[in-house]
Every structure is written in C-alpha cells, then in structure tokens.
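Residue numbers (the numbering used here), protein chains in the order written: chain A, 3 to 296; chain B, 24 to 341.
Just to be clear, a hint being listed does not mean it is correct.
With a Cα cut of at most 20 Å, we get these calculated DMTMM-like pairs of lysine to aspartate or glutamate [what the hints assert, rightly or not]: (1) B:Lys142 / B:Asp196; (2) B:Lys53 / A:Glu189; (3) A:Lys55 / B:Asp173; (4) B:Lys84 / B:Asp106; (5) A:Lys76 / A:Asp239; (6) A:Lys76 / A:Asp238; (7) B:Lys53 / A:Asp194; (8) B:Lys200 / B:Asp173; (9) A:Lys76 / A:Asp155.
Covered stretches of chain B, as calculated for chain A (at least 3 residues, CB under 8 Å) [unchecked claim]: (10) 73-82; (11) 186-198; (12) 292-302.
Every beta carbon over 10 Å from chain A, so not counted as near; a handful from chain B, in silico [unchecked claim]: (13) Pro61; (14) Phe94; (15) Trp104; (16) Ile150; (17) Tyr213; (18) Ile225; (19) Met334.
No lab work stands behind these hints, which were simulated from the structure alone. We treat Cβ as the ideally placed atom computed from N, Cα and C, and that holds for glycine.
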Amino acid sequence: MASPVGVVRSAVVPRVLWALCVAFVVGWAAFNVALLGWVILGSFRGGSAVFTKPFALPEVWSFSNYVSAWVTSKLGVGFLNSVLLVGLGSVSVVGLAALAAYPLSRTGMRSAGPVTTLFAMGLGIPLQIIIVPLFVFMNAISNAAYQAFGWWDSRISLYILYVATSLPFAVFLLTGFFRSLPTELEEAAALDGAGPFRTFRQIMWPLARPGITTAMLLTGLGLWNETLLALVFITDDQQGTLPRALLGLYSTMQYTSNWGGLFAGIVIVVVPTIVLYVALGRRIVEGMTLGSVK
Amino acid sequence: MSRVMASPAGLAPRVRARSGGSPAEQGRRKIYWPFITPALLFYVGFFVLPALYGVWVSFVKWRGMGDPQVFVGFGNYRRMWRDDSFRMAFTNTITILIVCGIGVFACAFLISSVLRELKLGPVLRTIMFVPHLLSPIAVGIGLGLLLSPDGLLNATLRLAGLGSAAQLWLTPDWIFKMILIATIWGSTGYYVMLMASAIGRIPAYYYEQAALDGAGRFRAFLHVTLPLTWDLVSVTAVLWMISAIRIFEFVYGLVGTGANPPPQARTMTIEVFLTTTGGAPAQYDMGLGSAMAVVMVLMTLVLVVAVRRFMRREALEF
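Just chain A, same shape as in the assembly (with noise of 0.2 Å):
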C-alpha cells in the first residue's frame, strides 16, 4: 500500500484490502449477536436439542429450563441475594466516595493530594492479594459474633467487601467530576451564609447528580458481575449471589447434563445487564470512557 510518490499504483489492491477490513468488522458483531442468539435459543430447547439441532428454532417455546434453574438451582436465592447486595453496596459505596470525594476535590488541604493517590492505587491492586488476609479476619468477625449473638450472615462480610473493594474506583470517578463543577454557586452560597453541609447537600450534591448516577451505574455493574469474593466468602447457597450460582449450577450440569437450564441462567444472569445497556447505554459507556480519555 505505501508505494513510493510518483508510482502509479493499482487501486484493486487496496480496495480488495479495505472489503476484507470490512467483512472482519461486520463478522465481528455478527458473530456476538450469533452467541447470544445461540444462547436465547439454547435456554429454550428441551434436554439435549440443544447440541443436536443447534441451527433449528425451539419446536416448543418452553419455559421451563427458566422455571428449573430459577427454583431447582437456586438462581432465584441468588438474583434476590444479588439484588439486595448490588443494591445496598452501591448505595453505601457512592453515598462514602461522594462524601470523600467532594472535600478530597475542592479543598487546599495538604493531605488531599496524598490521600486521593491512596485511593487511586487501590485500582491497581488485585484483589488476591487482600482475600487470604481478610477470609482469617471476616472469619475471626463471624466467629466473634456467634459467640457473642449466635448469628452471622456472609452476607454482611460480602457486603463490606464490596463497599470497600469498589470505594477506590468511585472515588476516583467522583474527585474528577467535583473538579470540573463550577464554583460561583458555592461561594455565594457560602456568603449568604449556608454552612458547609447545607452548601454540599443544597448545592454541590444536585449539580454532581449526573456524576453520582454514573459513579452508581458503574458501582452497580461491577457488583453484579463480582464473583471471585462471593466465591471465597459465601459457603451457604442460600446465601449466595447470583454468578456464583450459575457456577453451581455449571458444575453440577456436568453430571446432569440439562443443558438448557444452564443457557436459561446464562440469559438470567446477562438480561439485566444488556436492559441496562439499552436504556442508559450513552451513561455506562460514557463513565467507562471517562477517566482515560481525560
């Protein structure tokens, strides 16, 4: 293609290389939609079409590979348990990093600097390293606290791993986002004579809304799709989350081979998300492009 300047060069060449650039591309996306078209069809199909007829349609739309892996594998626990969770972590989550992030932003503080760097290093950690050292001491916590009330859930340990496993990235998200907020509005604020809390709770927290909403979304999909810590943490089924239930559910399908019940929780475990997508998708993508770009 780079032909030296003065050559006539043949323009079949090209052309012939941009079609197959093309066809790459278009291959590409229709090669994800055959997937998780494959996988929709695949959940409807009863015990074994689904790898014996795997091009033809369902010869009866049945739901009930739905209705076994929603009660009989516990997916249904699991969506309740992944809601509750998602829903309370990224709540808790955003509600701390907005509070931090707000100040961590906007004032001179000289430790400001050093602690936004400590938050922001908590995105490159993995987590394997924290999971033996907390899997001894949110032990020695449940054990603590069957002794000392008789009860305990993984959940809650679950759930203080996820607010504090997720801080760093929302932090991260929000400082950014408090910076580029005017400030007129609040020191007029201020000289009306509205105190810090008022000026954040009146002021800064309606204007950073859209930035809390996608710190939310983003808190939330993650949570969502987290298995390693439900994998390590929870040991009680009825306990579990979601992912960590579709897994269940593929190992014991090996031996049970009903294999559109695991498409079925396949579709469960994806539908809320790609929902998501379709209604907030400007939001999601937004957010996730966000930070590197600037």
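Please build the complex by placing chain B on the supplied structure of chain A, with the hints as guidance.
Quick look at chain B alone, frame taken from chain A:
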C-alpha cells in the same frame, strides 16, 4: 469489570491558598475530616491493611485461623518458583499480557479505523462493547459451551463440510489457544470504544488533507491517527496491564468447574485461588498463595511504571 486508571498528573487537586481563603473554602476545611473519614476507614480497614498483612503472610507458613504462623523468610517464594504449575500459570499470565495485548490493540486500531468510515459504525461499536459489560463468568461459560464437543463451533464446521476440522477445543492441547483468542475477543470492544472516542475528536480536515496529499488509509493511520491518539494509547496500555494480570472469572468460566482446571488453563489468579480457598479440596496454603499475590502486585507495579516511561511523549495539541 475493568477500571479506569488516572494519569498521575490528574490526581493532585489544584492547590489553593494555604490559609484563610474564601468563606466557602473555610467551610470546606471544616467538613474535610468528617466527610472523608468514613470512606477512608472502610478503605484502609478492609483494603489497605489487609493488603499489607498479605505481604506479611507471604513470609510465613500458615494454614489459616487456628494454625500457628511459622516465619519462613523467602521460603514460600522459593517454593513457588520450584512449583511447575505456578511456573506455567506465570508464563500463561505473561503470554496473555503480551500476545492478547498485541492482539487487542491491533484489532482495536483496525476496527475503530474501519468503523470511522462505516455508516453503521456506532451500531457495530455498541454491539462489540457488550461482552465487556456482561458478567465475565456468564460470557466465559457461554464461550465454553460454544467450544464444547457438540457446540456451535463444531456444529458450524460440520455444516460447512469441514467436519474434519472439528476439535475437542477444551482439552489441554487446545485450551490455552482458545483462552488467548477468547480474551482478545472479550477485551477488544472496550478498547474500540476508547479509541473511537479519541479518533472522533480528531478534526476531519487532518484526514482530508492527508487524502489530498495522496495518502492512502494506511498512511493516514500512520501519520494522523496514531500520533494524535498516542496519549490515549499509553493510558490504555496501563489499563490493559492491570486488567490482564487480574483476569480470573472469564477464564474460570470458560474452562469449567468440574474439577481443578488443568495447569495449561491456569492464570496466576486461578493458581492463587486454587492454592488458598478454592480448588477441590481447598489447600489453605495461605503463605504460598500470598507470595503469588505479592508477585502479581509487583508485576503490576513494574509494568505500569515501565509502560509509562516507555510510552511517554510530548502531548500533541490539536
């Protein structure tokens, strides 16, 4: 989910006047500690301190609660390097980092350059982004099913009359190659999105000028796209390093959980999981697992610093 990384320059808040300041600034100083303490306590208590404790655990022999810790110095690290399955996991992670890194960036550049000129570009970009959003466990399992003996891939090959090319894709011989391809497929969409937004901000007249000067698409890429997106590439290279070292759920789902995955299919993260609380039966070798995790952190650190050094250029204003 992969996380967005800051450029260090973006982290330091603007320093304002040391003392006094406007009434709003004085107010903010009053709430400074009360506002940041809750988040800081959570984060330090359940993230930073455990991470430091993890470094300590890597120097002891320990099976967890109730077992006395025996200090063994670098014993765990020595044991780790003699362990064949760890060496394989280490090599696998490095291979994913490099091979998939090259694959992801090459594909992302190619795809975003093509999408720039297609009418359907935004739609295709949206479709390609989806795997990045979905639960990596679910996507991994879906791909595992696609590659299973009677899965979609082999069925398609047989339908096309290429039945002889059908393989048992998830056997130890093939599985790591599949993991490499699958990782490139699963990660590229995100980088396409990042590149596309950077390419979208390049003024069209650069490309028009390049075309007037007789540059083909390849040269336009070399002389317009690449230099004007270099900043972003260096930041995304850091992002890639971090997420490649962390990759866990996707591979774990792809491989299946019937038993412990074969060494060929393990990354360092999976190896740590199997050495400590995962695996059947769980080994609870906390010291060894922590030593592996420390190596992962060091790798991340070294690579991030190296990439930033190596790729730093004068930012081009446009």
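For each hint, the structure was consulted:
A hinted pair counts as satisfied when its Cα atoms are at most 20 Å apart, and Lys142 of chain B with Asp196 of chain B does not qualify at roughly 41 Å. Under the criterion of a C-alpha separation no larger than 20 Å, the hint pairing Lys53 of chain B with Glu189 of chain A is consistent with the structure, at around 15 Å. The suggested pairing of Lys55 of chain A with Asp173 of chain B holds, with an alpha-carbon distance near 10 Å, which does not exceed 20 Å. Restraint check: the Cα-Cα separation between Lys84 of chain B and Asp106 of chain B comes to about 16 Å, which is no more than 20 Å; the hinted pair holds.
Proposed proximity of Lys76 of chain A and Asp239 of chain A is supported: the alpha carbons are some 8 Å apart, at most 20 Å. At most 20 Å may separate the alpha-carbon atoms for a hinted pair to count; Lys76 of chain A and Asp238 of chain A meet this at roughly 11 Å. Between the alpha carbons of Lys53 of chain B and Asp194 of chain A the distance comes to roughly 17 Å, so the proposed pair stays at or under 20 Å and holds. For the proposed pair Lys200 of chain B and Asp173 of chain B, the alpha carbon gap of about 19 Å is at most 20 Å, so the pair holds.
The suggested pairing of Lys76 of chain A with Asp155 of chain A holds, with an alpha-carbon distance near 18 Å, which does not exceed 20 Å. Chain A is given as covering the segment 73-82 of chain B, and this holds because 6 residues of the stretch bring a CB closer than 8 Å to a CB of that chain, at least three being needed. Coverage of the segment 186-198 of chain B by chain A is violated. Counting CB-CB distances below 8 Å, 0 residues qualify, and the rule asks for three or more. Counting residues of the segment 292-302 of chain B whose beta carbon lies closer than 8 Å to any beta carbon of chain A gives 6, which meets the minimum of three for the stated coverage.
Not every CB of chain A lies more than 10 Å from the CB of Pro61 of chain B, the least distance being 5 Å, so the non-interface label is violated. Annotated as non-interface, Phe94 of chain B keeps its C-beta farther than 10 Å from every C-beta of chain A; the closest such distance is 16 Å. With a least beta-carbon separation of about 18 Å from chain A, Trp104 of chain B lies farther than 10 Å from that chain, consistent with its non-interface assignment. For Ile150 of chain B, the non-interface assignment is contradicted: its Cβ lies about 4 Å from the closest Cβ of chain A, within the 10 Å cut-off.
Distance check for Tyr213 of chain B against chain A: the nearest CB is about 7 Å away, which does not clear 10 Å, and the non-interface claim fails. For Ile225 of chain B, the non-interface assignment is confirmed: its Cβ lies about 13 Å from the closest Cβ of chain A, beyond the 10 Å cut-off. Every CB of chain A is more than 10 Å from the CB of Met334 of chain B (nearest about 14 Å), matching its label as outside the interface.
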